[in-house]
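The whole structure should be built from the sequences, with the hints applied where relevant.
Letter by letter, the sequence shown follows residues -19 to -1, 1 to 292 of mature numbering (1 follows the signal peptide of the UniProt record, and there is no 0).
Be aware that one or more of the hints could be misleading.
[Claimed, not checked] Quick list of simulated restraints, FRET-style, between CB atoms:
#1 Gly269 <-> Lys122: 18 to 28 angstroms
#2 Asn14 <-> Gln108: 14 to 24 angstroms
#3 Thr31 <-> Asn149: 23 to 33 angstroms
#4 Asp205 <-> Glu262: 12 to 22 angstroms
#5 Glu8 <-> Glu62: 15 to 25 angstroms
#6 Arg270 <-> Leu97: 15 to 25 angstroms
#7 Gln90 <-> Gly39: 23 to 33 angstroms
#8 Arg145 <-> Asn61: 36 to 46 angstroms
#9 Asp203 <-> Asn61: 14 to 24 angstroms
#10 Ser121 <-> Ser33: 26 to 36 angstroms
#11 Gln90 <-> Asp203: 40 to 50 angstroms
#12 Leu96 <-> Gly269: 18 to 28 angstroms
Because the hints were derived from the structure by calculation, they are not lab data.
Only a predicted model underlies this, so the values are computations on that prediction, with no experimental measurement involved.
We put the beta carbon where it would ideally sit given N, CA and C, even for glycine.
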Amino acid sequence: MTFRMILILVVLYCTGLDAARPALNQELSTFFNELWRLDTNRMSPGVDYTLSVQGRAGFVNPGSQVVTDHAALPLFTSVNETKLRSITTVSRLITLLDNYERSTGVAEQVTTEELLEISQFLDAVMQTPVMKRAHQYLVSKRLSNSDVRQFKDQLKLIWFQLYRRQRNSRLDSCGFEHVFVGETRSGNELIGFHNWIQFYLQEKNRHLDYKGFQAGYHDLPDQDDHVLKLQFTWHGVVKPVASAFIGTSPEFDMALYTVIFLLNTERSTNVLVNIDQCQVELVVVRHGRSLETAYPKLLSSNNRHVRQRSY
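What follows is the structure, encoded as structure tokens:
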């Protein structure tokens, strides 16, 4: 094969990769960076928490419980938990984390106390600058009502409405449980679990064992990266790949995914945005009028995408 043919194949391969990726959404990049600046409850790496990313995780087949540990130590070396729990939205998030059945197919029993905890969490979220600005944006797009009570009902429907994740099962899941808590399916598959606060608390309580990071061979995560792709076990069940924002507030994550959810009607939506120094593909999947899953896919950090364009 000649050099010219090799060059053509490389160009076609790279073009195909770019074609499979959505175009950069400049409007949402600008707006999400505004939300980033408004996220005063975000924890700072190296100040409020420190990470130990350690080794690169290996490939694990979905459903397999055989995994090699490439991280002898926990991911979170330290977290200022006093500061973390002093954040109202975080403290109210934590009260919700033990309200759910871990296994899909098992009906959720929502008590009066748990309904009050959901209401109080949403009240706290809606009082933050991040969600107030997100509400204004959605009203300007005629996707939300300006009345805050109706907006709260809308958030509750998207995030907390129970539905059947498995056909012929009972009401066993909701968007909040899937994204912020995590679920198991058939006893040997871990699904969802895209929140760093839940990760930290479960790791601290030794229910979760971090196995290493996932990244391209030319990409090594830094301890100050705000999006990480991870491998871990939770109650002994393997999550081969999971990605999450690190250090962000609950309201920031909810605002991003809510905006994308309401801007689109497709079952699955992928949005490419630049946030702070990262280029991220945000994935949102709907279950009717509620959220099925949402998570970030880190494409580059530390402005690598900006430097690559300048070459």
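Status of the hints after comparison with the structure:
no. : hint                                  : verdict
1   : Gly269 <-> Lys122: 18 to 28 angstroms : holds (21 angstroms)
2   : Asn14 <-> Gln108: 14 to 24 angstroms  : holds (22 angstroms)
3   : Thr31 <-> Asn149: 23 to 33 angstroms  : violated (46 angstroms)
4   : Asp205 <-> Glu262: 12 to 22 angstroms : holds (20 angstroms)
5   : Glu8 <-> Glu62: 15 to 25 angstroms    : violated (37 angstroms)
6   : Arg270 <-> Leu97: 15 to 25 angstroms  : holds (23 angstroms)
7   : Gln90 <-> Gly39: 23 to 33 angstroms   : violated (39 angstroms)
8   : Arg145 <-> Asn61: 36 to 46 angstroms  : holds (40 angstroms)
9   : Asp203 <-> Asn61: 14 to 24 angstroms  : holds (20 angstroms)
10  : Ser121 <-> Ser33: 26 to 36 angstroms  : violated (43 angstroms)
11  : Gln90 <-> Asp203: 40 to 50 angstroms  : holds (43 angstroms)
12  : Leu96 <-> Gly269: 18 to 28 angstroms  : holds (21 angstroms)
Comparing the model with each numbered hint stated earlier shows that hints 3, 5, 7, 10 do not hold.
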